[in-house]
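Visitor: One-letter residues, chain by chain:
There are 2 protein chains.
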Amino acid sequence: MAKKSFPLSKVYGLLEPGPVVMVTTARKGQPNIMTMSWYTMMEFEPPLVGCVISNRNYSFDTLKATRECVINIPTVELAKQVVSVGNSHGPKLDKFAASGLTPATATYVKAPLIAECYVNLECRLADTRLVNKYCFFVLEVLAAWIDPAVKDPRTMHHRGNGVFMLAGEIIKLPSKMK
Amino acid sequence: MAKKSFPLSKVYGLLEPGPVVMVTTARKGQPNIMTMSWYTMMEFEPPLVGCVISNRNYSFDTLKATRECVINIPTVELAKQVVSVGNSHGPKLDKFAASGLTPATATYVKAPLIAECYVNLECRLADTRLVNKYCFFVLEVLAAWIDPAVKDPRTMHHRGNGVFMLAGEIIKLPSKMK
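Here the protein sequences come in this chain order: R and S.
Just so we're aligned, residue 1 is where the first sequence starts under the working numbering, counting upward by one.
Just so we're aligned, residue 1 is where the second sequence starts under the working numbering, counting upward by one.
Only chain R is shown next, with the shape it has when bound in the complex (with noise of 0.2 Å):
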């Protein structure tokens, strides 16, 4: 899957809808992987993304720590994947190994890219002040990853308990909002 540079100025596009992503990171070598729902775009460009990462996560320790990540965006054919990454814990767990999932090496930071994902946010944290209280990080966005043969990506919504919506019909409206 050969997968081309996407401009910055349209990351939101990707993340607005509001897709099940998951979060690389790595420490020491180590690379680990967490699913995430709780985040929302906080600026265009360059594009930041506010999250909010579990303490109780090993993955909190090591963003803290690295102060970068990578944020992959899976479709369903990753259903399986997806789940088993959100279904497992724990800092000796090799979840790459225990997923099937493959590690690519990514340009700007040392976590590394999901490759099957179709998108893949290379990220950098730009705040930490809610950290603290809500363990909400503000990251942004250094180069954006996109397969370009995906033109119609069936994204995953998590409603909770299992549950998932996916991605429907497209529609397109006379809407003046960017």
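Some hints could be false.
Under the rule of at most 20 Å between Cα atoms (straight-line distance), these lysine to aspartate or glutamate pairs were calculated in the EDC-like manner [claimed, not checked]:
1. R:Lys133 - S:Glu140
2. R:Lys110 - R:Asp94
3. R:Lys133 - S:Glu77
4. R:Lys176 - S:Asp94
5. S:Lys172 - R:Glu77
6. S:Lys151 - R:Glu169
7. S:Lys80 - R:Glu169
8. R:Lys172 - S:Glu77
9. S:Lys64 - S:Asp127
10. R:Lys10 - R:Asp61
11. R:Lys133 - S:Asp127
12. S:Lys10 - S:Asp147
13. S:Lys4 - S:Asp152
14. S:Lys110 - S:Asp61
15. R:Lys64 - R:Asp127
16. S:Lys133 - R:Glu43
17. R:Lys80 - R:Asp94
18. R:Lys80 - R:Glu116
19. S:Lys133 - R:Glu140
20. S:Lys10 - S:Asp61
21. S:Lys176 - S:Glu16
22. S:Lys10 - S:Glu140
23. R:Lys176 - R:Asp61
24. R:Lys80 - S:Glu169
25. S:Lys176 - R:Asp94
26. R:Lys178 - R:Asp61
27. S:Lys133 - R:Asp127
28. R:Lys133 - R:Asp61
29. S:Lys133 - R:Glu45
30. R:Lys133 - S:Glu45
31. R:Lys151 - S:Glu169
Derived by calculation from the structure, the hints in this document are not laboratory data.
Based on the hints, put chain S in the right spot on chain R.
Guide: Coordinates of chain S only, in the frame set by chain R:
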């Protein structure tokens, strides 16, 4: 449409999938409505929602001054009204009259509910630390109302520039995630 009280502990499942919402505020008896896609859950219970409301929006000043609002979730049946609200601006415009939406009285806040939306979340401003830098407000949901007749809400998910993804198929996976 008779709405029922909805448990606060389950509110996250309504917002996590990422639907476009309409935020209502009111100041000195003058209601306002804006569309919003830049928000995230921040805590399960009491439910906290973080959201970006641009300081170019009239709602920004009203929310800062009154410290309360309502988050209303529309379905695709309200697409025309969502676009109408998103395309119009200004403190002098009565957006309820212009869009044909119906205000209803809330229980805990002075901002009106939008009667036609299948979910209404009455909110109080909980944290303003990131307002100056990012226009990011943390809201606490005080009460949630749902139309029990809507079993399969076809929510709208903004992809930018008038393109919306509609909620599609629902699947259940063996996920242990809350």
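Visitor: State for each hint whether it applies.
Guide: Do the hints match the structure? See the list:
no. : hint                : in the structure
1   : R:Lys133 - S:Glu140 : holds, 14 Å
2   : R:Lys110 - R:Asp94  : holds, 16 Å
3   : R:Lys133 - S:Glu77  : violated, 39 Å
4   : R:Lys176 - S:Asp94  : holds, 19 Å
5   : S:Lys172 - R:Glu77  : holds, 14 Å
6   : S:Lys151 - R:Glu169 : holds, 18 Å
7   : S:Lys80 - R:Glu169  : holds, 17 Å
8   : R:Lys172 - S:Glu77  : holds, 14 Å
9   : S:Lys64 - S:Asp127  : holds, 11 Å
10  : R:Lys10 - R:Asp61   : violated, 30 Å
11  : R:Lys133 - S:Asp127 : holds, 11 Å
12  : S:Lys10 - S:Asp147  : holds, 15 Å
13  : S:Lys4 - S:Asp152   : holds, 16 Å
14  : S:Lys110 - S:Asp61  : holds, 15 Å
15  : R:Lys64 - R:Asp127  : holds, 11 Å
16  : S:Lys133 - R:Glu43  : holds, 11 Å
17  : R:Lys80 - R:Asp94   : holds, 16 Å
18  : R:Lys80 - R:Glu116  : holds, 12 Å
19  : S:Lys133 - R:Glu140 : holds, 14 Å
20  : S:Lys10 - S:Asp61   : violated, 30 Å
21  : S:Lys176 - S:Glu16  : holds, 16 Å
22  : S:Lys10 - S:Glu140  : holds, 14 Å
23  : R:Lys176 - R:Asp61  : violated, 41 Å
24  : R:Lys80 - S:Glu169  : holds, 17 Å
25  : S:Lys176 - R:Asp94  : holds, 19 Å
26  : R:Lys178 - R:Asp61  : violated, 35 Å
27  : S:Lys133 - R:Asp127 : holds, 11 Å
28  : R:Lys133 - R:Asp61  : holds, 15 Å
29  : S:Lys133 - R:Glu45  : holds, 15 Å
30  : R:Lys133 - S:Glu45  : holds, 15 Å
31  : R:Lys151 - S:Glu169 : holds, 18 Å
Comparing the model with each earlier hint shows violations of hints 3, 10, 20, 23 and 26; every other hint is respected.
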